[in-house]
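> Starting from the given sequences, assemble the full structure and let the hints guide the process.
Top to bottom, those sequences are chains A and B. Each residue of the first sequence is one higher than the last, beginning at 1 in the numbering used here. Each residue of the second sequence is one higher than the last, beginning at 1 in the numbering used here.
In case anyone wonders, no lab produced these hints; they're calculated from the structure. A portion of the hints provided could be inaccurate.
Stated by the list, open to error - Capping the alpha-carbon separation at 30 Å, the derived lysine-lysine pairs in BS3-like fashion look like this:
hint, chain 1, residue 1, chain 2, residue 2
1, B, K131, A, K191
2, B, K292, A, K60
3, A, K197, A, K402
4, A, K197, B, K131
5, A, K338, A, K60
6, B, K131, A, K76
7, B, K164, A, K123
8, A, K72, B, K131
9, A, K172, B, K131
10, A, K123, B, K292
Said to hold, decoys possible - A short, non-exhaustive set of chain A residues, derived as facing chain B with CB atoms under 8 Å:
hint, residue
11, A85
12, V88
13, Q93
14, E110
15, S117
16, F118
17, A121
18, N179
19, L210
20, T212
21, G340
Please read all numbers here as calculations on a predicted model, not as lab measurements. Where is the CB? At the ideal position from N, CA and C, for every residue including glycine.
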Amino acid sequence: MRVFGVIALALALSTGAASARPSADPGLSSGEIVIGGTVPLSGIAASYASVGRGAEAYFKYVNARGGVNGRKITYKYVDDQYNPAQTVQAVRQLVQQDRVFAIFNSLGTEHNLSVRSFLNATKVPQLFVGSGATTFGRDHKRYPYTIGFLPSYVGEGKVYARHILRTKPNAKIAVLVQNDDYGKDLLAGFKAGLGAKRRNLVAEQSYDPLSTDVSSQIARLRSSRATVLLLITTPPFAIRGLVAANRLGWRPQVYVNQVGGATNIMRIISATANPRIIQGAITLISVKDPSMPRFRNDAGMRLYRTIMRQQLPRGDVNDGFHVYSMAVAYTFVEALKKAGRNPTRASLVRAVANLNLRNNPFLIPGVVVKTSPTDHFPLDQGQLQRWSKNQWNPLGKVITAK
Amino acid sequence: MSAVRYALRAVGFALFVAVVVYLPFRISDFRASEFALIGVYFIAILGLNVLTGYTGVISLGHGAFMALGAYTTAILVADHGMRDLWTIPLAGLLAAAAGAAFGLPALRLSGPYLALATFGVAVATPIVIKKFDGLTGGSGGINLFEEEGITGLPEFIVTLPGGKVLSFNDWLYYLTWTIALVLFAVAWAIHHSRFGRSLRAIRDNEIAAAASGVWLASHKTLAFSISAFYAGVAGSLLAISAFSVQPGAFPIDRSIALLVGLAVGGLGSLAPLAAGAAFLVFLPQWAQDISKAPGVPAVIYGAVLIVLMIVLPMGVGGLLRWLGRPLTSRLYPRS
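Structure (structure tokens):
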């Protein structure tokens, strides 16, 4: 096989490897633009399926109004079962067989990492990655075709650290963290935010995302006598962690990260554990939460509910991932408009790196989606929220999470 | 076996090889990558067949040996600058050693107890990989894409005289299937050797086999080791074709999938196992094409599997054997 490879390489060099480049990039015709992505539709992370369905619903809504420059957007999202090896196969299928214009809104840190090199080598845009891992925004020089969407986990961690230092400068802090890149990133940001007060962080316990129980971790955190508990967890572990803490009679000041703190999750905790354990809990949000009463008459959320009713009638309107994915889809549509009448992959990537969108209807008022050729973090703002009266209430102004 | 049957077998094998060589000329570039993946599964299932099909030992943990092979390749290429192709036999050998090491104590267990022990290994694999993140890159895994030792790259395109364009996916296809055919021949040789007959004797009746002079411990350990070798090679090819390894790529599902592929292909068969491998690659996609509604693909997958096991209890191999029997034996069933 090595001989074959060498001969092949020699042949390739001698013939100049005729890379017959068609006039337009793949996936684009006069009436359609085809994009694709991976989302877990089955397996352990199937609850994230809404991230694909919400975006699809928004594109259908846009298509019903004539699409973008006369082109309908077709969004092919494929199940990768949250297994990075499946992501590799699925993305190759999307690029090589379905010939999509761009990869969009694929979910998961490891999953996007596993195809980032491939997509950049083949010059396929990897847009609005569904992960806050810092590398997707930071390493844009090396991977110019990749851009994230969520506020970076590092930035989010720093926000919580600053808030704790301002309100409880001497409190002992305990952290429950998911043992993967997402958890490590957020924890690193949190530690950086604590700075000199790093010693306040007295206990740190991690759990594997495949495990089902965190009560022993919570017991150990409690024994540290910490009075602040930061949960760097996905929704199921936020619930399990606080149920376990409640069982031990522990009442720390809770901070829960954006990934795990949606209103519907908090209400489950309130119902299964004890409303008092999350009384005064704090989180950071950038995307409007459909369960928040203050958005009941908000124009953006009315649009959201209309789209849900028309395009996704069987979807759960209170599922925040639907709003999130519409926020991403909205950003994509705006970027596509800016990419020219006949966009190319390169012009789309340029447009994505020069965004300044003030009125994304699905984001918290005041949050601006802004990028530049040197800033590949589209969303780096959010607003702290405090939990009381069975809902999140805004705490201060919109701040930058960097 | 008579000379005629040997000749028939040889012709059959030559046909199989011809189909494998010719296939990329008939299918699209992307399909070639899917068939390469089928080759990878074929290798792993051939290995599992030595253990489960011949020896009758059920392993639910072969995904762990695949992971070991994949990580061996990834670490050697990324950290030691080795060429990917040379790491394939090393990955197999390391997995074989691990298989022997695991096989020795596991021999004290039998039947379902051994299956459970292997299940434990498969469950622990992703967590153990993450534990040694200095070596394995933790949950993000190892990216091989920009490493020097990688032979095939996506830009790889060759135009053959005659107009056929060989792409990177064709390269992966020929790489995996060359190895698959060699290992297929080895499995066939094992099947027809004295060693293979001893393994089947163990499967059919351990006590009788021991009474006939088969040393159970050494045979079972060796079978474990051989099958782990196959899994290691398959894992290594998986890493090469994906340009990366992550602990998330080796969940317990992967081990179970191998057993499913083996059952669909037919326990104890050889060539029909390729059908089992194709089943693993194509059925989930096909199920997704039918419907993407929550849970539906999984239900379709399960339903098809159940129906298949009812209709073809001996898998595709059993069907082919049945078709190959004289017509009269079908008219008058003996059992």
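> If a hint holds in the structure, say so; if it doesn't, say that too.
Now the hints, each set against the structure:
1. K131/B <-> K191/A: Answer holds: K131/B to K191/A is near 21 Å, not above 30 Å.
2. K292/B <-> K60/A: OK: K292/B and K60/A at ~17 Å, within 30 Å.
3. K197/A <-> K402/A: Holds, at roughly 19 Å.
4. K197/A <-> K131/B: Holds, at roughly 28 Å.
5. K338/A <-> K60/A: Given that 30 Å is the threshold and the Cα spacing comes to 20 Å, the pair holds.
6. K131/B <-> K76/A: violated (36 Å)
7. K164/B <-> K123/A: holds (24 Å)
8. K72/A <-> K131/B: violated (47 Å)
9. K172/A <-> K131/B: holds (27 Å)
10. K123/A <-> K292/B: Holds, because 29 Å separates the two Cα atoms, which is no more than 30 Å.
11. A85: holds (3 Å)
12. V88: Because about 4 Å separates V88/A from the closest Cβ in chain B, which is inside the 8 Å limit, the hint holds.
13. Q93: Check passed: Cβ of Q93/A comes within 6 Å of chain B, closer than 8 Å.
14. E110: Holds: closest Cβ of chain B sits about 5 Å from E110/A, inside 8 Å.
15. S117: With Cβ-Cβ at 3 Å, under 8 Å, it holds.
16. F118: With a minimum Cβ separation of about 6 Å from chain B (threshold 8 Å), the hint on F118/A holds.
17. A121: Check passed: Cβ of A121/A comes within 6 Å of chain B, closer than 8 Å.
18. N179: Result: holds, 6 Å to nearest chain B Cβ.
19. L210: Holds, because the Cβ-Cβ distance from L210/A to chain B comes to roughly 6 Å (cut-off 8 Å).
20. T212: violated (12 Å)
21. G340: violated (27 Å)
The structure fails hints 6, 8, 20 and 21 (numbered hints given earlier, in ascending order).
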